[in-house]
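Undergrad: So you can see what is in the structure, the chains are spelled out below.
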Amino acid sequence: MKVAVQSAPFDLGAEVEAFTSGAEGAGAVVTFTGIVRPDEGLTAMDIEHYPGMTERAISGIVEEAVRRWSLADALVIHRYGSLKPGEAIMMVATAAPHRGDAFAAAEFLMDYLKSRAPFWKKESRDGGETWVAAKDADEEALKRW
Amino acid sequence: MKVAVQSAPFDLGAEVEAFTSGAEGAGAVVTFTGIVRPDEGLTAMDIEHYPGMTERAISGIVEEAVRRWSLADALVIHRYGSLKPGEAIMMVATAAPHRGDAFAAAEFLMDYLKSRAPFWKKESRDGGETWVAAKDADEEALKRW
Amino acid sequence: MIDVLYFAWVRERIGLPRERLETSAVTVADLITQLRAREERYAAAFADLSALRVALDQELSSFDAPLAGVREVAFFPPMTGG
Amino acid sequence: MIDVLYFAWVRERIGLPRERLETSAVTVADLITQLRAREERYAAAFADLSALRVALDQELSSFDAPLAGVREVAFFPPMTGG
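Chains as they are written, first to last, in our numbering: chain X, 1 to 145; chain L, 1001 to 1145; chain S, 2001 to 2082; chain C, 3001 to 3082.
Hints are not guaranteed to be accurate.
Straight line, CA to CA, 20 Å or less: simulated EDC-like cross-link-like pairs of lysine to aspartate or glutamate [unchecked claim]:
no.	chain 1	residue 1	chain 2	residue 2
1	L	Lys1084	X	Glu17
2	X	Lys84	L	Glu1024
3	L	Lys1084	X	Glu24
4	X	Lys122	S	Glu2012
5	X	Lys135	S	Asp2003
6	X	Lys84	L	Glu1017
Covered stretches of chain L (chain X as the covering partner; in silico rule of three or more C-beta atoms under 8 Å from a C-beta of chain X) [said to hold, decoys possible]:
no.	segment
7	1041–1047
8	1095–1102
If you're looking for bench data, these hints aren't it; they were derived computationally from the structure. All values reported here derive from a predicted model rather than from experimental measurement. Here a beta-carbon is modelled for each residue, glycine too, at the ideal position from N, C-alpha and C.
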């Protein structure tokens, strides 16, 4: 199990490689990577977080995933600070004996990180700065679990 | 779009890195890696395929995924030949503006590759060799799409 | 004494990330009532509670939760991680 | 003339990966009837059709499909990719 909250970029290829080769007994590894979508006019994405609570909240979400599914391992890396379009914001990885568990746990982690981990995104555009509003669909997504 | 059917191992980290940095406009990248599960007594997994039909079938499945979901890119690599426990058999990757499309397309690709791409697995154990039987659950899984 | 933290636009509207307060508030809602009464910038930040979330000692909580024993209260908009 | 391919345990049971046949079979089912009649190893391989799949010119097909124009027929068990 690994949870990292950091401002530094992470090496996606190296993380996936290390996670996969370290996941003993796994037959299936799913990864998700979130990227600052290079939307028209977007110049930067600033991510604020709540130090202390962030690590607690993410660890709690990972522990819940481990309780619900048969997982060999799980990983969450989430960045904060100022990111440019095209940069990776975060990743999750899940390893399980079977693919169903790996997929379900990865989607569960993403749904919960979206709405229950204390991060807030602010977009900078030519016209100014805007806090990204939470989507009703993201809150709705939690109900399926 | 990339489809590769090969006996050689692939470099998972490098493939994920290249796919992700090449997926223009993506906000979400999902990858799945299938590994020879190191079950008790398993010494090798031999994968037979149908050269020609394999590439056609996989390309058809990828094209169907692109028709159904809003994808920036998709990739399938599938190995054949003799693999050892712990080795990666195959991977899929999907890139999309939003995470829902990336997850759904990756699961769709996996479900179809399991039952519609002409590969056959044979397990070698101390006691001999056994062809892996198709699971009813894998055929069932196609019905959700 | 209680630490009160503000994040995202709540922090921007109030103009500070955290402060230490002496309060007799029994619940989060009481504390919000006291904060609103302090200055216009607080009233503006707490105008619409449906747009706010609260954490007590780093656990998500609700506005009717009691403050007894709590050392850190945080106010912020709905989270947008991932 | 038609190419007939066998994979996995079908290949092992029949003992060869492919062969070229002259056949008057109109459908896949007709071809299977002719193959079964050839030798015991064919009869064994085609004993239970529910355990077999067929592809015509590299497209999955069904046992009642016509063979007219088909150049390559492949028989194999349900696939186990991924």
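Undergrad: Confirm or reject each hint.
TA: Verification of the hints:
no.: 1; hint: L:Lys1084 <-> X:Glu17; verdict: holds (17 Å)
no.: 2; hint: X:Lys84 <-> L:Glu1024; verdict: holds (14 Å)
no.: 3; hint: L:Lys1084 <-> X:Glu24; verdict: holds (14 Å)
no.: 4; hint: X:Lys122 <-> S:Glu2012; verdict: holds (12 Å)
no.: 5; hint: X:Lys135 <-> S:Asp2003; verdict: violated (29 Å)
no.: 6; hint: X:Lys84 <-> L:Glu1017; verdict: holds (17 Å)
no.: 7; hint: 1041–1047; verdict: violated (count 0)
no.: 8; hint: 1095–1102; verdict: holds (count 3)
Of the hints listed earlier, those the structure fails to meet are numbers 5, 7, in rising order.
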